[in-house]
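Model the full structure from these sequences, guided by the hints.
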Amino acid sequence: MFCHTENYACHPQEWPCPHSGRCIPLQQVCDGTKQCSSGGDEGENCGMSNACADKSCDHACQPTPTGGWCYCSPGYQINKEDNRTCIDFNECSTSGFCDQLCANTLGSYACSCHEGYTPDQNNICRAQDSDSVRILMTSTTKILTMNRDGGDVKEVAQVDAVDVEMDSNGDMIYYINNTDNQIYTIPANGYTIPLRLPVQGLAIPVDIALDWLTNSLYIVDRDTARIELFNIPTGYQHNIVSDNLQTPVAVAVDPNIGYLFFADRGLKGPMMKPRIERLFMDGSHRWDLGLNKILHPQGLALDLVNRRVYWVDSHLDHLESVDYNGQNR
Numbered sequence: 001m002f003c004h005t006e007n008y009a010c011h012p013q014e015w016p017c018p019h020s021g022r023c024i025p026l027q028q029v030c031d032g033t034k035q036c037s038s039g040g041d042e043g044e045n046c047g048m049s050n051a052c053a054d055k056s057c058d059h060a061c062q063p064t065p066t067g068g069w070c071y072c073s074p075g076y077q078i079n080k081e082d083n084r085t086c087i088d089f090n091e092c093s094t095s096g097f098c099d100q101l102c103a104n105t106l107g108s109y110a111c112s113c114h115e116g117y118t119p120d121q122n123n124i125c126r127a128q129d130s131d132s133v134r135i136l137m138t139s140t141t142k143i144l145t146m147n148r149d150g151g152d153v154k155e156v157a158q159v160d161a162v163d164v165e166m167d168s169n170g171d172m173i174y175y176i177n178n179t180d181n182q183i184y185t186i187p188a189n190g191y192t193i194p195l196r197l198p199v200q201g202l203a204i205p206v207d208i209a210l211d212w213l214t215n216s217l218y219i220v221d222r223d224t225a226r227i228e229l230f231n232i233p234t235g236y237q238h239n240i241v242s243d244n245l246q247t248p249v250a251v252a253v254d255p256n257i258g259y260l261f262f263a264d265r266g267l268k269g270p271m272m273k274p275r276i277e278r279l280f281m282d283g284s285h286r287w288d289l290g291l292n293k294i295l296h297p298q299g300l301a302l303d304l305v306n307r308r309v310y311w312v313d314s315h316l317d318h319l320e321s322v323d324y325n326g327q328n329r
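Residue numbers for the sequence shown follow the UniProt record's numbering, beginning at 1 and rising by one.
Don't read these hints as lab results, they were simulated from the structure.
It is possible that some hints are incorrect.
For lysine-lysine, the following DSSO-like pairs were computed, each having C-alpha atoms within a straight-line distance of at most 27 Å [to be verified]:
{"no.": "1", "residue 1": "Lys34", "residue 2": "Lys293"}
{"no.": "2", "residue 1": "Lys154", "residue 2": "Lys142"}
{"no.": "3", "residue 1": "Lys80", "residue 2": "Lys55"}
{"no.": "4", "residue 1": "Lys293", "residue 2": "Lys273"}
{"no.": "5", "residue 1": "Lys80", "residue 2": "Lys293"}
{"no.": "6", "residue 1": "Lys34", "residue 2": "Lys55"}
Set out below in structure tokens:
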């Protein structure tokens, strides 16, 4: 069983479920309906009429299974020095309040967007040229593209692709062929025969990431437990990670600041736990993000604007994210 850890950050008007760390609204604690998977938000102590009597809360108090819980009005948080008075809550220190840029004010905050983005009516930042965006996806037999609304579906190639990447111009597509475990490239318009890239020594490649600045592919080979760099224009190939890998399954890159992230399931021995690491794109300066409650991480994706790492845990059925430093989960 997992315990609540500091990787999870509940908002001031939320309460952490025991064991799971899931955050629920304070108003749902001791309301007679179990919200936490363990039922830890309900219990005999919820019926104590004097749970809040001696708390002297600055703003408000909520009965919980562990006693009275002081909380504050929106825009404020409990002062940890006394657990009862309220101070300004910096919404900008927690992910989710703003889509991109955030400016904290006393009891509130203001959102804005980076250059090249415009806020919509829901304060979501939209790329100014987003109408031309194409989504790339794979099925068991095809590579497809579609517009951002899921329409205008076009077939690029009839192949069994494990993973797929597209260059920054939207001209070329790169993919792992599940049939022969090789990497191929094909124009995005699909009007030609796929060309195999001369990557050497592949056994079971499972994921690729494209550095669009140098036109290099980063390749995760699960069977040989290594990550390879392959420069497409020159054919230069170099192993950048092979030490202390067990079962690498995913890779993602941010060429803007030179970071690479990879996920390792660590299934081959008790000494190597599932983890996500950050390193420089030359393989140096490896650093474990130190995430707890992670079992089968895969499907890494980066928010390059907000500098966050997203992943899927196929065992826990979770989609989660942290910042590049492993915080604000």
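Just to be careful, I want the Cα atoms of Lys34 and Lys55 compared with a cutoff of 27 Å; is the pair within it? holds, 25 Å
Hint check: Lys293 vs Lys273, CA-CA at most 27 Å. Holds or violated? The given pair, whose Cα atoms are some 11 Å apart, holds under the 27 Å limit.
With a cut-off of 27 Å on the C-alpha distance, tell me whether Lys154 and Lys142 pass. Since the Cα atoms of Lys154 and Lys142 sit roughly 10 Å apart, the hinted pair holds (cutoff 27 Å).
Straight-line alpha-carbon gap Lys34 to Lys293, limit 27 Å: holds, 22 Å
With a cut-off of 27 Å on the C-alpha distance, tell me whether Lys80 and Lys293 pass. Roughly 26 Å between the alpha carbons, so the hint for Lys80 and Lys293 holds.
Pair hint outcome, Lys80 versus Lys55 [Cα-Cα no greater than 27 Å]: OK: Lys80 and Lys55 at ~14 Å, within 27 Å.
Checked against the numbered hints given earlier, this structure breaks none of them.
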